[in-house]
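Participant: Sequences listed follow chains A and B, in order.
Heads up, the first sequence is in the numbering used here, so the first residue is 1 and it goes up one at a time.
Heads up, the second sequence is in the numbering used here, so the first residue is 1001 and it goes up one at a time.
Reference excerpt, derived from the structure (chain B facing chain A, CB under 10 Å, subset only): (1) Pro1039; (2) Gly1040; (3) Asp1066; (4) Asp1072; (5) Gly1090; (6) Ala1091; (7) Gly1120; (8) Glu1127; (9) Ser1140; (10) Val1141; (11) Tyr1149; (12) Gly1153; (13) Lys1165; (14) Leu1168; (15) Val1172; (16) Arg1198.
In the SDA-like style, the derived pairs of lysine to any residue whose C-alpha atoms are separated by at most 20 Å in a straight line are: (17) Lys75/A <-> Val1172/B; (18) Lys1075/B <-> Ala1053/B; (19) Lys1075/B <-> Asp175/A; (20) Lys75/A <-> Asp1173/B; (21) Lys75/A <-> Asp1175/B; (22) Lys75/A <-> Tyr1149/B; (23) Lys75/A <-> Ala1178/B; (24) Lys1075/B <-> Ala182/A; (25) Lys1075/B <-> Phe174/A; (26) Lys1075/B <-> Thr1088/B; (27) Lys75/A <-> Phe1174/B; (28) Lys1075/B <-> Val172/A; (29) Lys1075/B <-> Asp173/A.
Keep in mind the hints are simulated off the structure, nothing from the lab.
Built from N, CA and C at the ideal position, the CB exists for glycine as well.
The residues making up each chain are set out below.
2 protein chains.
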Amino acid sequence: MKKVEVVTDIMSANDQIAQENAETLRAHGILTVNLMASPGAGKTSLILETARALDGRLRLGVIEGDVASRIDADKVAAAGIPVVQINTGGACHLDAPMIRQALRALPLDEIDLLIVENVGNLICPVEFRLGETLRVMIASVPEGHDKPYKYPGIFTAVEAVVINKMDLAPYVDFDLGALHEAIRGMNPRAEIFEVSCRTGEGIGRWAEWLWAQWQAYRPAK
Amino acid sequence: MKKVEVVTDIMSANDQIAQENAETLRAHGILTVNLMASPGAGKTSLILETARALDGRLRLGVIEGDVASRIDADKVAAAGIPVVQINTGGACHLDAPMIRQALRALPLDEIDLLIVENVGNLICPVEFRLGETLRVMIASVPEGHDKPYKYPGIFTAVEAVVINKMDLAPYVDFDLGALHEAIRGMNPRAEIFEVSCRTGEGIGRWAEWLWAQWQAYRPAK
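Can you build the whole structure from these sequences, using the hints too?
Facilitator: Right under this line is the structure:
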């Protein structure tokens, strides 16, 4: 079959709904972060520490994505943060239709910063835009410093990399300089944060960056 | 449309090739382990420690699966183990056709135990049989003890769970009893091993189990 050149991309069904989500979020002045990481890298812990560090300066909302369980949503709800749990029932990533449904269940007028905790996976979530403003990933210290070479897609796609579990660095074979270099090599514009959700180290700088991002976003409300 | 009951499953293309791989492997008397885990849980380290512990009792071969890079294959080759690297180029799991191709590049007559290191992912690899004899997963301590509830598919599917990085237990919030209980609850027959690839703790018992599995497999050669 002859190959036909297509001048404009036909927008996928997911991307179309993602754009509608983005419009809904902008109309409510909500900056949205799509937070991606491996299982157990500390996504929920980072959300809870971010809430503590922002200390009410931004009103948080959270969407929790998991294959199964409501463990994370319960933790976030216990901190008094509006939260919706999505169980993908086997799917390895969140998609825009799931977010559209979750947005209907959140008090959008009472949220400034929405953090979407994606399913624990470094590969598939990158392929599905949700309507987010920013994409952020966590790379945790015990995962090792070679992950950018193995999962280049996600390290290239994000606006920021949060290196979590810095408190474990003395106990594992981990070369922080090598990780920085690998990230810089494939994504020179990404912000890099070194934090420990356990000790609180570095959370302040990360929270300030989110605050600056929110100010630059110039919300409509 | 009226739903039609189907008496026998039509075998998927992947499952058909997986069965062919299984026949090839059996014909060469090779016990094959499909090793799955999150990114950075210690799959390559476990392979290297297993080789050390078996100390030549079984001749190892390895297939390394990664989205990109040949870092892991280089490590395995440096230990003198025959290895093939598969780069999935974005795919989040290995599949049977990839393994069929890799088998052609391995000295099958010189291998007793083939370990296939799947792509770092707790979700998608479970859906694709490769022709393996056993499925084994690593759950690493810093990932936390709640993972079975969040990723029930993989914890239910495997014959064994290797809890790695036991040396980090004192430094993280980790409840070993709770993890055992969660695994037992959804997969009572799974063998559970507690190991540290860093200190060598527990590797002996794991290697003995592999040896027993290989004896039970009664290879044709």
